[in-house]
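Single-letter residue listing:
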Amino acid sequence: MSRFSLYDDEAHPSPWQHTWRAFKSSHIALVGLAVLLLFVFFAFFAPLVAPYNPTYQNTEALLIPPSWAPNGSIAHLFGTDALGRDLFSRIMYGCRVTFGTSLLVVIIAMLVGVTIGTIAGMLSGVRSSVVNHLLDALMAIPTLLIAIIIVGILGSGLVNSMWAITLALIPQFVHHTRSFVRGEMKKDYIQSSTLDGASNLQLFYYSILPNMIEMLVVQGTLALSIAVIDISALGFLNLGAQAPLPELGAILATGLDAGYLAPWNIAIPGVSIFLMVLSITIVGDGLRSALRKRVNR
Amino acid sequence: MIRILSRYAILFSLTLLSLCALSFSLIYLFPAEPVTTLTGITPQNLMQHEALMNQYHLNNSIIVQFADYLSELFAGNWGVSLISGQPLSEEIMLALPATIELSACAMFIVIVVGIPLGCYSGLRAYSTTDFTINSISVTAYSVPVFWLAVLFILTFSLQFGWLPLSGRINLLFDIPPKTGFLMIDILLADNVDRAAAFSDALLHLILPVLSIACISTASMIRITRRSIIDVLNKPFIIAARSKGLSSKQIFFRHVLRNALLPILPLMAMQITTLITNAMIVETLFSWPGIGNWLIQAIYQRDYSALRMGMLAVSTLVVMITIAIDLFNRLIDPSREKYESVTI
Amino acid sequence: MHKWLVWPVISTALLTLLGGCSPQKYSANYTNGLVYCSESDPISMNPQLDTSTTTADATAHQIYDRLLEFDTESGRIRPSLATSWSVSDDGLLYRFSLRRDVKFHTTDYFTPGRPFNASDVLFSFNRWRLPQHSFHNVSGGYYPYFESLGLADNIADIKAVSPYEVEISLKQRDSSFLANIASDFSVILSAEYADVLMSQGIPERIDRLPIGTGPYQYADYQKNHYIRYDVNNDYWQGTPASKALIFDITPKSSLRLAKLMTGECDAVAFPARVDHQIIREREDLVLAEKPGLNIGFWAFNTERPPFDNPSVRKALAYAIDKNTLIEAVYFDSATRAKSLLPAASWAYQADAQDTGYNPVLARQLLDEAGVAPGFTMSVWAIPVERAYNPNAQKMAELIQRYLADIEVEVNIVSYDWSTFRRQLRQGNHDSVLIGWSADNGDPDNFYRPLLSCDAIPSGTNRARWCNPAYDEILDRAIQTEDVDIRKALYFQANELLFDKLPMVPIAHAYRYQAYREELSGMVINPYGGIRLGGVTKQRD
Chain A
570 MSRFSLYDDE AHPSPWQHTW RAFKSSHIAL VGLAVLLLFV FFAFFAPLVA
620 PYNPTYQNTE ALLIPPSWAP NGSIAHLFGT DALGRDLFSR IMYGCRVTFG
670 TSLLVVIIAM LVGVTIGTIA GMLSGVRSSV VNHLLDALMA IPTLLIAIII
720 VGILGSGLVN SMWAITLALI PQFVHHTRSF VRGEMKKDYI QSSTLDGASN
770 LQLFYYSILP NMIEMLVVQG TLALSIAVID ISALGFLNLG AQAPLPELGA
820 ILATGLDAGY LAPWNIAIPG VSIFLMVLSI TIVGDGLRSA LRKRVNR
Chain B
524 MIRILSRYAI LFSLTLLSLC ALSFSLIYLF PAEPVTTLTG ITPQNLMQHE
574 ALMNQYHLNN SIIVQFADYL SELFAGNWGV SLISGQPLSE EIMLALPATI
624 ELSACAMFIV IVVGIPLGCY SGLRAYSTTD FTINSISVTA YSVPVFWLAV
674 LFILTFSLQF GWLPLSGRIN LLFDIPPKTG FLMIDILLAD NVDRAAAFSD
724 ALLHLILPVL SIACISTASM IRITRRSIID VLNKPFIIAA RSKGLSSKQI
774 FFRHVLRNAL LPILPLMAMQ ITTLITNAMI VETLFSWPGI GNWLIQAIYQ
824 RDYSALRMGM LAVSTLVVMI TIAIDLFNRL IDPSREKYES VTI
Chain C
5 MHKWLVWPVI STALLTLLGG CSPQKYSANY TNGLVYCSES DPISMNPQLD
55 TSTTTADATA HQIYDRLLEF DTESGRIRPS LATSWSVSDD GLLYRFSLRR
105 DVKFHTTDYF TPGRPFNASD VLFSFNRWRL PQHSFHNVSG GYYPYFESLG
155 LADNIADIKA VSPYEVEISL KQRDSSFLAN IASDFSVILS AEYADVLMSQ
205 GIPERIDRLP IGTGPYQYAD YQKNHYIRYD VNNDYWQGTP ASKALIFDIT
255 PKSSLRLAKL MTGECDAVAF PARVDHQIIR EREDLVLAEK PGLNIGFWAF
305 NTERPPFDNP SVRKALAYAI DKNTLIEAVY FDSATRAKSL LPAASWAYQA
355 DAQDTGYNPV LARQLLDEAG VAPGFTMSVW AIPVERAYNP NAQKMAELIQ
405 RYLADIEVEV NIVSYDWSTF RRQLRQGNHD SVLIGWSADN GDPDNFYRPL
455 LSCDAIPSGT NRARWCNPAY DEILDRAIQT EDVDIRKALY FQANELLFDK
505 LPMVPIAHAY RYQAYREELS GMVINPYGGI RLGGVTKQRD
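Listed in order, the protein sequences are those of chains A, B and C. Under the numbering used here, residue 866 is the last one in the first sequence; the count climbs by one each step, no gaps. Under the numbering used here, residue 866 is the last one in the second sequence; the count climbs by one each step, no gaps. Under the numbering used here, residue 544 is the last one in the third sequence; the count climbs by one each step, no gaps.
Honestly, the hints are just simulated from the structure, not real lab data. Positions of the beta carbon are idealized from the N, C-alpha and C atoms, including for glycine. Hints are all accurate, no fakes.
Dumping the calculated DSS-like pairs for lysine-lysine here, alpha-carbon to alpha-carbon at most 25 Å: (1) C/Lys247 with C/Lys541; (2) C/Lys342 with C/Lys294; (3) A/Lys756 with A/Lys862; (4) C/Lys107 with C/Lys247; (5) B/Lys757 with A/Lys756; (6) A/Lys862 with B/Lys757; (7) C/Lys294 with C/Lys541; (8) B/Lys701 with C/Lys227; (9) C/Lys247 with B/Lys701; (10) C/Lys541 with C/Lys29; (11) B/Lys757 with A/Lys755; (12) C/Lys163 with C/Lys107; (13) C/Lys256 with C/Lys227; (14) C/Lys504 with C/Lys342; (15) C/Lys163 with C/Lys175.
Stretch by stretch, here's where chain B covers chain A in the computed footprint (C-beta under 8 Å, at least three residues): (16) 711-718; (17) 798-811; (18) 825-837.
So that you can see chain A by itself, here it is in the shape it has in the complex:
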């Protein structure tokens, strides 16, 4: 009997819609998503929305407390720092730099990592074993150490720290892609496609990749939270973003100098980084549970 019926249209939600429904059911995940979208908004539209230029130093207005403190003024929502720069604008631009850079880093790492991982997964034998061991060795080197070496070779700066973190994130993507691809290659539907005459590239693009996207999204959020923390850590240590580029870790570092007099210079950038990572983690957790629920139904 034909399933077509004019009057009772059954809805067959796609897998993504399943995931979204499962995701929506958790309130916390939605709140996390909202906060994350706020940061994305800052990342794209900070120059349009920020009240002041983040590098403009107003020597008349040094170390003004945030607007909710008794001495604060609404002109500077979050107060100013020791050079008279408006903290609210700096935080917005800082979110843009930190979040934007992290996104970029994760995307590049994902592209490179997936490529290498797929190749390693489709091959077999000694070559993949060697790649595996090499990558494990690379994964074992602390991110900070890689960053220090790259800064030593290329000099400090935001771009160079990006290279370092990309290098540190690639092995994870390779590892997971490789094991996923190896697992899929054994499955029946791949074998049937191979029997049909598909080449490796076609196999990858049409069969494996659609199934891999979910895993990639989950790994991607994990990598994004790591990237945000690492970029701000490098900025904090003055190995990444250089003054006066506003980056949340660098803002925190400059705030330390007058920290006792003006604790908002330490608290507010720290809270921003914290909220950023928290929202990414919550969204990532929500996605994972949603995917699990969908798979297990």
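Could you slot chains B and C onto chain A? The hints should help.
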């Protein structure tokens, strides 16, 4: 068994060799004279330059240079620091134990607090207790370690004045650094009030260790919780339950072992993160460890120190990760377990 | 089992435990020692080789002594390793009687065989004086302080008349000679130690593992970390009260303040200005301030018209309000300067004449001198922070506003520090905001390098002013030892300077020291490095 051991020994040597090759290549990659990066001495004139080039075979082919480099490394001649002029082996051998002490204490807390809490949370999955613990660990996991350390300093050192914020021990205690491990050095030192020195060293240890441990413990709780939940859903647990085993028996005999096994490889990654966090926290607490040393070296562009320090730290981490890997392999020969673990 | 009891029992136990014990405040009071937090590493353990404050602070008064000392309160010279001295009538022969029974340090790398005597004085002076001395080129052969004074050229001979009498003969009279002997850099080393090291072939050790006669002796040094000193039990002024001294090297000033607050430092070097308020507010910390031996000034380039006309210079001086400048830039940490010398100097003139704020008079004088409204001039501002001027850029902007009121336009010029100094030496400026810090307590150290004719080629005379009458007064002043005569001569110089006004003195900045209130005996030494030998810590 012997085959596994020998396989890992070969793996270890190969990895070490590639690390040495990497640190050797840094001699040419760093933006300074190769002679300077290798030895730490800046040649003052052409004659000295030639003499140094000949002494270290820098005029010969790459293979000879590398062989010479390796022999120097094993002989213990690691060069001198560009900035201070002190032998690097001395400085690194003093700095590494400080970081090891810090990381070991943090790791101890992570295992002792993280695993039981994770198990507890996993056993009562999706209940209120689990929800509380999970929320706390997600929050703790998201805090940047340098911010947490600063908050601790502001609260516990400056606001309340309970804990010190700088160094490993009050400098008035004259503890000659024989091994580099402060606890052992206090025992070895004479002419000092040992009890007072111990308690002072412990007080100095608390804040840095807490900063690092909070984040790694949160991570450990999440991993353990997920692993326990996964194991609890497995059929053999249902079988054991239907056999009539009590909860305690099921937990200790079946769940615990099967849950802990897959997280061992993830522990290796945790250790890497822990050491990175330790290196960052060292700068905030003026802890004289290898992280602080390396970061000072990069600020002052001390290339010979960077090269050697990188080799030392990566060797240490690789040793630990391979040891964990070996341990994992010896206990559980099947490989599929750790390729399916997630958070 | 009553499972529901578990949680309440545990929580009550924890709460009672936490509530019962209140944590003790961390106190670093374990041993009777002193921790001083300094701001960077010393270049060497011998202040002869360097002029930086860091090296002097670490070594000059801790490890070593000199023949003479400055009294920190009065600025007079008093005996130290020399018990008495006499000067011949022509001022060319100085004779010092040396103190007996002064022992050098006994450490694990050297045991002295004899007490201090004349051969040590000869060694310490001849090392830098004679290029052919065996130790002259050890550790570089560069003795910046003595070379800048040309002392080696002026000393004809030094000889030991007896084991406890030394004679120094000069080629020309120099009444600031004794002040230079009392400065931080003229330390007395051990000739016996030098001989031992030379025979062992390791002479450079004398500057790395030092031996002196001071209250503390060198024990250990970890670069960028700490310097450890042991107490010198044989110190000739009596054993110091603190049995150990640590220099905890902490480059960041915010970290120094934090450690001062927790008690991990007993005293800190160079407290940052932003922290002064916090230190003052806390009861357990003390912020000591003392007028420093420095001066910040606005110098005109008197070789360029119209600044060669004293009335033009005077007009510009009347156009600015010095008090506002001092408040805005120094924030209460400076006193208004009327003349070159600050109150800390014994030749200070409290009633010196000074310009006031009178823009009407300023415009009038300019019109009389033929300077039309709309005249443009440049004000060069130093780009770095110095005690004598923490923010020259800000001061220049304020001067710009004042001069705009009398219709004079100002360009503010600044370069990076080395380019700035180079350009300044070539005399490309109209006027400059800069200053001077003294090296010793002698007034000549202010008057001569700042405004004498000879100082133009060496570059320290920023006003490029040459007045033979002024030079004559200065030369007469160093020809006599009589303090009152010298004072009168310097008052005369002040009058001449006020009349001609080649530079406008702006402020004498304070020097600050921050330490915990349990310390007693902390003094600010305006003539040099910190002295920790007399400091004691109350322990409860």
